[in-house]
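A.B. asks: So the protein sequences, as listed, match chains A and B. Numbering of the first sequence is given in my numbering, commencing with residue 3 and proceeding in unit increments. Numbering of the second sequence is given in my numbering, commencing with residue 3 and proceeding in unit increments.
Hints are supplied without guarantee of correctness; some may be wrong.
Just so you know, same-sequence chains aren't split out, so a pair can sit in one copy or run between any two.
[Unchecked claim] DSS-like mimics (lysine-lysine), calculated; alpha carbons at most 25 Å apart, straight line: (1) K102 to K18; (2) K53 to K141; (3) K36 to K83; (4) K259 to K280; (5) K272 to K259; (6) K11 to K287; (7) K287 to K92; (8) K149 to K102; (9) K102 to K141; (10) K254 to K14; (11) K36 to K280; (12) K36 to K102; (13) K83 to K272; (14) K83 to K102; (15) K36 to K98; (16) K83 to K98; (17) K404 to K370; (18) K284 to K11; (19) K11 to K53; (20) K272 to K36; (21) K141 to K36.
In short, the hints are calculated from the structure, not lab data.
There are 2 protein chains.
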Amino acid sequence: MKQSHLFTKTRKDAPKDEVSENAQLLIRGGYIHKEMAGVYDLLPLGLRVFKKIENIIREEMNALGGQEVSFSVLQNPELWKATDRWDDKKIDNWFKTELKSGGELGLSFTHEEPITKAVAMQVSSYRDLPRYVYHFQSKFRNELRTKSGIMRGREFVMKDLYSFCRSEEELDAFYKEVGIAYENIFRRVGLGDITYLTFASGGVFSKFSHEFQTVSTAGEDTIYIDTEKRIAVNDEVMTEEVLEELSLDRNKLVEAKSIEVGNIFKLGTKYADALGLKYKDKDGKDAEVHMGSYGIGVGRLLGTVVEVLCDEKGIVWPASIAPFDVHLVELSQGDEKIRGLADSLYEELQAVGVEVLYDERDTRAGEKFADSDLLGMPYRIVVGRQSTEDSFEIVRRVDGLKKTVSKRALLTQNYGF
Amino acid sequence: MKQSHLFTKTRKDAPKDEVSENAQLLIRGGYIHKEMAGVYDLLPLGLRVFKKIENIIREEMNALGGQEVSFSVLQNPELWKATDRWDDKKIDNWFKTELKSGGELGLSFTHEEPITKAVAMQVSSYRDLPRYVYHFQSKFRNELRTKSGIMRGREFVMKDLYSFCRSEEELDAFYKEVGIAYENIFRRVGLGDITYLTFASGGVFSKFSHEFQTVSTAGEDTIYIDTEKRIAVNDEVMTEEVLEELSLDRNKLVEAKSIEVGNIFKLGTKYADALGLKYKDKDGKDAEVHMGSYGIGVGRLLGTVVEVLCDEKGIVWPASIAPFDVHLVELSQGDEKIRGLADSLYEELQAVGVEVLYDERDTRAGEKFADSDLLGMPYRIVVGRQSTEDSFEIVRRVDGLKKTVSKRALLTQNYGF
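With these hints in hand, go ahead and build the complete structure from the sequences.
C.D. replies: If you want it as structure tokens, here you go:
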């Protein structure tokens, strides 16, 4: 894409009311637009990153046997009354609205109830289970305060997966598989090294739930990490008894602030029972369905990547989720030969499927470089006076390393770093 | 996909409160789930169709130079007060909600205001225009009654495109281009023959707006079609004066009920003026931005295809948007050789990229055929006693025509109908 065609521009300053670093950088880069406190829109560059993250998650969900659906935002109170989650005293961050034809509706803050109800209408026999259903859909949380940018919004898209199993054992086995899929996701978006499977508070059906926590000073949580075992314990369940149970040595644990980028938990039979989801076993007897719930906030994950991988110059995207593979910057300053060289390279790169953001704007070199650093593509190709038909400078964003490479190297994305 | 793995099942009957044929068939086929009146969820098969339609629209929008974004559901009243569209007396189908921290918010019933405001923050010079911005996002309409299934819901996803031009001429030219893109879309989803560019009521800035109306007895609109010129006039603007202006002969017009599957209209400078969007022209003077708005309801388009192309046996998908290319139905009845033949064919078809729904359920042939007709894939491959390694029966859904074809024909999707 030619940068001059993009309707967004970079900005020197973020809005004054924006305190989080992730949102500041994303707004300055033209990735997102702040609609109001806790509500952000995705602009073209932001949407490209969002979709790449979404697709990584989708691939991992499909590999688990997940079936993708799309459930509504508007929520029928009847389902939530059945599980005793409608009352504002029970759930304190509902957004509710009213039908002109009479009656209240809710806005989805999660989707256990409607998805369980829909599955109940399709499942009757042990042959119909297990099933795994997921979607990407907006969630709405009526938060009193918002200060974490796109990491904790009033409106955000979450991938939520629900598992429906015939027994605790079947649920336990799938729960472990999801844990591995989640580790794959966080590794694939570039957070693998600093993200830990974390023991957190459970519920009636399970002593622990599990979170995936990414170490960051901007985090709202506190965890204690065993770096050898690569697991952590959330502050909220950190007791001598728990440490003993998990065979962890308090002296070996490292305290850190962290961002919860995913969570998985066992729901037991609570929702299925309340919403009439059961099945006939092999003997024709009614049996209970054991559920699990598995969430990842897509926007939060995007914000976390920005927050923890950025540097003083701007965003640093991992190649897997960068909006473009390379940022092609021409420094022709009116020299038509250089411009021609850059134009040709742009066409050739696109022809072989390299995703290119092409800065062909009539702007000073310094400004182009500053914008390029702020936008954070993994590689920058510079076409200027030193360039020839088969010799171009390429700079790696993460560490600023430079190389002079051939056109073939650029076309095959084989830069030799 | 193996049909036994799908968590949805077909149903003999639709819910009693569902009066529309499109929703009845889609619910019976397990394509959608009715959450409540006017609110439907997409189940796995429905989501596959939805995404194919979405992608056709996306391709056409990108070909126009459209830049995709994703704007929020929650709406800031300030923007809507600026254009005098916040008051319930002005817009009678708002859903509104309240912030716990104080103040009202709206749920998006359209997105002119937020997108115009965001563009205003990015555009300053004549060099920044024209720009075309679109997204796919949920809209919420607080309708008193709902009776058209997924063709008129309280919650639905719309593609809305907004154009920002420097002059009326620039807007007029783009408006025509969008008209052609829309005709491409309706042709590509299988409705080209029965969809008409229709003159409808305009506004302050333009005498007419234009709708795309698909002929259907289930339609809520009445249009008068000139079948030679392939244009129509909406009942609401059907006067002698208009006929004269459009050089139409009343005696040649055919009256029909129709479904509005798309609309395009010129907004003039109203929204841009109200929200502070202007630009500096070549002489450095402030100039007004001329806007256009272009909508297609994705779910409504899906429902319309079902409504107008179905037959007494069920849904009939055009190949371009069918959830699967073929429905492979095995009639082994326990015969392992036949089952092996079908299993191999399933693997081979998938290996060459044919999308296959494989009915390998242990079910009677009659039930399999009835389900297959209801689900409506464009082609059904039957593997039974008559099949050999290189000879299979294929049935075309739209007219029931049968052929016996080679495996090569199946693998190349070259059936010779």
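A.B. asks: Indicate, hint by hint, whether the structure satisfies it.
C.D. replies: Hint check results:
1. K102 to K18: Between copies only: 23 Å across, 39 Å inside.
2. K53 to K141: So K53 and K141 pass the 25 Å test inside a copy (17 Å) and across (21 Å) alike.
3. K36 to K83: between (34 Å within a copy, 18 Å between copies)
4. K259 to K280: neither (41 Å within a copy, 45 Å between copies)
5. K272 to K259: neither (33 Å within a copy, 49 Å between copies)
6. K11 to K287: between (64 Å within a copy, 21 Å between copies)
7. K287 to K92: Classified as neither; 34 Å inside a copy, 57 Å across copies.
8. K149 to K102: between (34 Å within a copy, 16 Å between copies)
9. K102 to K141: Answer is both: 23 Å inside a copy and 16 Å across each meet the 25 Å cutoff.
10. K254 to K14: neither (44 Å within a copy, 62 Å between copies)
11. K36 to K280: For K36 and K280, only the inter-copy Cα distance (20 Å) is at most 25 Å; the intra-copy one is 44 Å.
12. K36 to K102: between (30 Å within a copy, 19 Å between copies)
13. K83 to K272: within (13 Å within a copy, 45 Å between copies)
14. K83 to K102: Answer is both: 21 Å inside a copy and 21 Å across each meet the 25 Å cutoff.
15. K36 to K98: both (23 Å within a copy, 20 Å between copies)
16. K83 to K98: both (14 Å within a copy, 22 Å between copies)
17. K404 to K370: Within one copy only: 17 Å inside, 63 Å across.
18. K284 to K11: between (63 Å within a copy, 20 Å between copies)
19. K11 to K53: Within one copy only: 21 Å inside, 30 Å across.
20. K272 to K36: Cα proximity of K272 and K36: across copies only (23 Å, versus 38 Å in one copy).
21. K141 to K36: both (17 Å within a copy, 20 Å between copies)
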